[in-house]
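Visitor: Positions in the sequence shown are counted from 1; adding 877 to them yields the numbering used here.
These are calculated hints, taken from the structure and not from any lab test. Keep in mind that this is a model prediction, so the values were computed, not measured. There may be inaccurate statements among the hints.
Claimed, not checked - So the derived label-pair ranges between C-beta atoms look like this:
id	residue 1	residue 2	range
1	Ala1087	Gly1061	43 to 51 Å
2	Thr1058	Asp882	13 to 21 Å
3	Pro982	Glu1113	46 to 54 Å
4	His1046	Arg966	27 to 35 Å
5	Glu1090	Arg1055	25 to 33 Å
6	Val1051	Ala1089	37 to 45 Å
7	His1046	Gly925	31 to 39 Å
Just so you know, even glycine gets a beta-carbon here, dropped at the ideal spot from N, CA and C.
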Amino acid sequence: MRQDDRAPFTRALESARLSAYPPGEYVGQESFMQAGEILALARRAGVGTGVRVLDLCCGTAGPGRLITEELGCSYLGVDYSADAVKIARERTRHLPCRFEVGAIPPVPAGTFDAVLLLETMLAFADKGALLRAITAVLPAGGRLAFTLEEGQPLTAAERAAMPDADTVHLVPSVEIGRLLTDAGLTITWQEECTTSHLAVARSLLDGYAAAAEAVSLQVGEQALKELLAAHRLWVEWMSSGRVRKFALVATR
């Protein structure tokens, strides 16, 4: 199964995901963030009526749908997966959301008041190039709202243990600060969210394990093994302090 075949995973994991979050906190997100955290971060970034929002790596746009419904922004989501974008379009037909399929960087041309990068900074090896591309579409005072997996780069042993390790590029806090400064961005707000994300990661792991037979039938045994292995590692790393999670806003 191709990694961007999002529809089978969405169908297979929906019930486990719904049960893993506290009531009202699951809105279709594919991450450890809760709905309240998504809205709080968007508000910190000044998202509101008429604000032009660019959501990078939007996936199936659970967070995008939430902030558009609740905050009334002008929304453009971008993701490399055509399958994910198809699902996003189907789920937001009643909303003024637009979507594009494309690899990032580059980012879409234009000017945006706020850029969102939720739970995907991790996937970019060259974070400097990404941040420079984001700065280029922000006006003076524009905001980047993102989450960060903070820690030293993976060791060889950790890379061998983590499925899709080529998308796991941890960065120390000192380094991300330097990269933001070099790109012309200044951190104006941050908050640690390790504890809440660890709780969701544990619940998701338990939910996926409990539904293993049904999930395996839909996505395959190997995909299920990799899903469980990755979540076990995230639980281990966040529990031990190997990885810390943060939500941040940086302003141009």
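Visitor: Falls inside 43 to 51 Å, the C-beta gap from Ala1087 to Gly1061?
Guide: 47 Å, holds
Visitor: Assuming the hint says 13 to 21 Å, is it satisfied by the Cβ distance from Thr1058 to Asp882 or not?
Guide: Taking Cβ atoms as reference, Thr1058 and Asp882 lie about 39 Å apart, which means the hint is violated.
Visitor: For His1046 and Gly925, compare the CB-CB distance with the range 31 to 39 Å and indicate the outcome.
Guide: For Gly925 against His1046, whose Cβ atoms are near 32 Å apart, the range 31 to 39 Å holds.
Visitor: That 37 to 45 Å hint for Val1051 and Ala1089 (C-beta), does it hold up?
Guide: Given about 40 Å between the Cβ atoms, the range holds.
Visitor: For Pro982 and Glu1113, compare the CB-CB distance with the range 46 to 54 Å and indicate the outcome.
Guide: Violated: the Cβ-Cβ distance is about 32 Å, outside 46 to 54 Å.
Visitor: Is 25 to 33 Å a correct range for the gap between the Cβ atoms of Glu1090 and Arg1055?
Guide: Because 47 Å falls outside the window, the suggested range is violated.
Visitor: Given the hint of 27 to 35 Å, is the C-beta distance from His1046 to Arg966 inside that range or not?
Guide: The hint (27 to 35 Å, Cβ to Cβ) holds, given that His1046 and Arg966 are roughly 29 Å apart.
The structure is inconsistent with the numbered hints 2, 3 and 5, although it conforms to all the rest.
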